[in-house]
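Enquirer: Below are the chains, spelled out letter by letter.
There are 2 protein chains.
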Amino acid sequence: MSNFDVLRNSVGDLWEKYIRHEFVIKMKEGTLPLDSFKYYMVQDSKYVNVMLKSLLNASSKAPLDKITNILNSIFNTRDKGLEVEKEVFRELNIDEAIINEIGYNLVNYAYTRHLYYYSSVGWEEFLAAWTPCMVGYRFIGEFVKGSPNKVYNLWASFYGSDEYGKRVEVILDSLESIKINEELKNIFKNSVNFEIFFWESALRKDPTIFK
Amino acid sequence: MSNFDVLRNSVGDLWEKYIRHEFVIKMKEGTLPLDSFKYYMVQDSKYVNVMLKSLLNASSKAPLDKITNILNSIFNTRDKGLEVEKEVFRELNIDEAIINEIGYNLVNYAYTRHLYYYSSVGWEEFLAAWTPCMVGYRFIGEFVKGSPNKVYNLWASFYGSDEYGKRVEVILDSLESIKINEELKNIFKNSVNFEIFFWESALRKDPTIFK
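These protein sequence lines map, in sequence, to chains Y and P.
In my numbering, each number is its position in the first sequence, counted from 1, plus 6.
In my numbering, each number is its position in the second sequence, counted from 1, plus 6.
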């Protein structure tokens, strides 16, 4: 069994709750209200900034061959990701200034600080915290692709792309080289819970008071 | 105006909402249910561990004279704090093993990671994040002292003590030496909000799923 499967199995049905959340299903069916998605996109954009900073903070603690592949793969495909993001932003009438103006909701604030915390602790800990987001979005992208809603289909065109798939492969390759223990399972589980709470906070449109 | 007053004024009525929260008033009146307090004490104990680690993480970034006073004052009075905590724990039938077994609630997880995050960013940022907890508990301790409830009175006997007051003085002295800007006000405000949410999470007894 791969290390990813070990981690995924260790959280029981939480994984399915994450990648097949009501939010995701409604994206696929095209029934998700656009204002929920807009709320989500702003929070997600703030998330990605801290996530990338956390990756960089963790990078010096990683084995050089693995981190070279990961950074190479991420920065090689970042243009495509940003291009899709820009198109989605245009559809939603949001931009960098609006995103900076809006604060984090509690879940997003907690999740991003969780990532940063483990990026300071060590590479393996960060990897366990980071995997649910990176790998989960691959499954979600493939699932949502083909949505009758133009914006959700556009959004999924990146996470369901071969380029994104390559990112996931190098991350899984690095994950395969470490030894999974109880602490890493806990960190992974926290992140899966955060992903579920992230969808829920977008459906509820939680207050965004944290700057 | 002192820097502390500048920060406190910048959050408007949030400061009073924190130090005179329903939770605090019920401690003073002795009407707070003991199981709410027990829930709170477990979360607070987990909080203090990460808070102290964050202080140590930030310490190398601080001016040496200020941090020497702060660490000296905290570690000099830590025995008294631990002694009171031990007595409170005995009254509540909790111990280290129970505290380790129980997870963080979302608010506590977010708050502790917020502290750790800013302890990595810089001393001034950490100080702004840390001040609401350290200084607020001075006001709360003095207010709750004399509660008809033996346990709450015991708890307040530390935060309302001269030893604790000395901790607060050296922290305010360090705070006075920095230049307050908008970012520090934001960090301070986040922490005040976390303190309010911390009381509320204890009244609600939020799920403690984060390890």
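It is worth saying that the hints were derived from the structure and are not from the lab.
Be aware that a few hints might be false.
Any copy will do: because identical chains look the same in the list, a pair fits if it lies in one copy or spans two.
Unchecked claim - Below are the DSS-like pairs computed for lysine-lysine, each with C-alpha atoms no more than 27 Å apart in a straight line:
#: 1; residue 1: 191; residue 2: 59
#: 2; residue 1: 67; residue 2: 32
#: 3; residue 1: 191; residue 2: 211
#: 4; residue 1: 185; residue 2: 217
#: 5; residue 1: 211; residue 2: 23
#: 6; residue 1: 67; residue 2: 211
#: 7; residue 1: 191; residue 2: 217
#: 8; residue 1: 34; residue 2: 44
#: 9; residue 1: 32; residue 2: 44
#: 10; residue 1: 32; residue 2: 156
#: 11; residue 1: 92; residue 2: 151
#: 12; residue 1: 59; residue 2: 217
#: 13; residue 1: 156; residue 2: 67
#: 14; residue 1: 23; residue 2: 67
#: 15; residue 1: 59; residue 2: 34
#: 16; residue 1: 185; residue 2: 172
#: 17; residue 1: 32; residue 2: 72
#: 18; residue 1: 92; residue 2: 185
#: 19; residue 1: 86; residue 2: 156
#: 20; residue 1: 185; residue 2: 86
#: 21; residue 1: 44; residue 2: 185
#: 22; residue 1: 191; residue 2: 92
#: 23; residue 1: 185; residue 2: 151
Just so you know, these numbers come straight off a predicted model, no measurement behind them.
Enquirer: Hint by hint, note whether the structure agrees.
Expert: Verification of the supplied hints:
{"no.": "1", "hint": "191 with 59", "in the structure": "both (23 Å within a copy, 23 Å between copies)"}
{"no.": "2", "hint": "67 with 32", "in the structure": "neither (39 Å within a copy, 48 Å between copies)"}
{"no.": "3", "hint": "191 with 211", "in the structure": "between (29 Å within a copy, 25 Å between copies)"}
{"no.": "4", "hint": "185 with 217", "in the structure": "between (36 Å within a copy, 19 Å between copies)"}
{"no.": "5", "hint": "211 with 23", "in the structure": "both (19 Å within a copy, 24 Å between copies)"}
{"no.": "6", "hint": "67 with 211", "in the structure": "neither (36 Å within a copy, 38 Å between copies)"}
{"no.": "7", "hint": "191 with 217", "in the structure": "between (30 Å within a copy, 10 Å between copies)"}
{"no.": "8", "hint": "34 with 44", "in the structure": "within (16 Å within a copy, 45 Å between copies)"}
{"no.": "9", "hint": "32 with 44", "in the structure": "within (14 Å within a copy, 41 Å between copies)"}
{"no.": "10", "hint": "32 with 156", "in the structure": "within (13 Å within a copy, 54 Å between copies)"}
{"no.": "11", "hint": "92 with 151", "in the structure": "within (18 Å within a copy, 57 Å between copies)"}
{"no.": "12", "hint": "59 with 217", "in the structure": "both (17 Å within a copy, 23 Å between copies)"}
{"no.": "13", "hint": "156 with 67", "in the structure": "neither (41 Å within a copy, 49 Å between copies)"}
{"no.": "14", "hint": "23 with 67", "in the structure": "neither (32 Å within a copy, 42 Å between copies)"}
{"no.": "15", "hint": "59 with 34", "in the structure": "neither (30 Å within a copy, 44 Å between copies)"}
{"no.": "16", "hint": "185 with 172", "in the structure": "within (23 Å within a copy, 47 Å between copies)"}
{"no.": "17", "hint": "32 with 72", "in the structure": "neither (36 Å within a copy, 55 Å between copies)"}
{"no.": "18", "hint": "92 with 185", "in the structure": "neither (38 Å within a copy, 38 Å between copies)"}
{"no.": "19", "hint": "86 with 156", "in the structure": "within (18 Å within a copy, 63 Å between copies)"}
{"no.": "20", "hint": "185 with 86", "in the structure": "neither (33 Å within a copy, 42 Å between copies)"}
{"no.": "21", "hint": "44 with 185", "in the structure": "neither (39 Å within a copy, 37 Å between copies)"}
{"no.": "22", "hint": "191 with 92", "in the structure": "neither (35 Å within a copy, 32 Å between copies)"}
{"no.": "23", "hint": "185 with 151", "in the structure": "neither (34 Å within a copy, 51 Å between copies)"}
The structure does not agree with the numbered hints 2, 6, 13, 14, 15, 17, 18, 20, 21, 22 and 23 stated previously, though it agrees with the rest.
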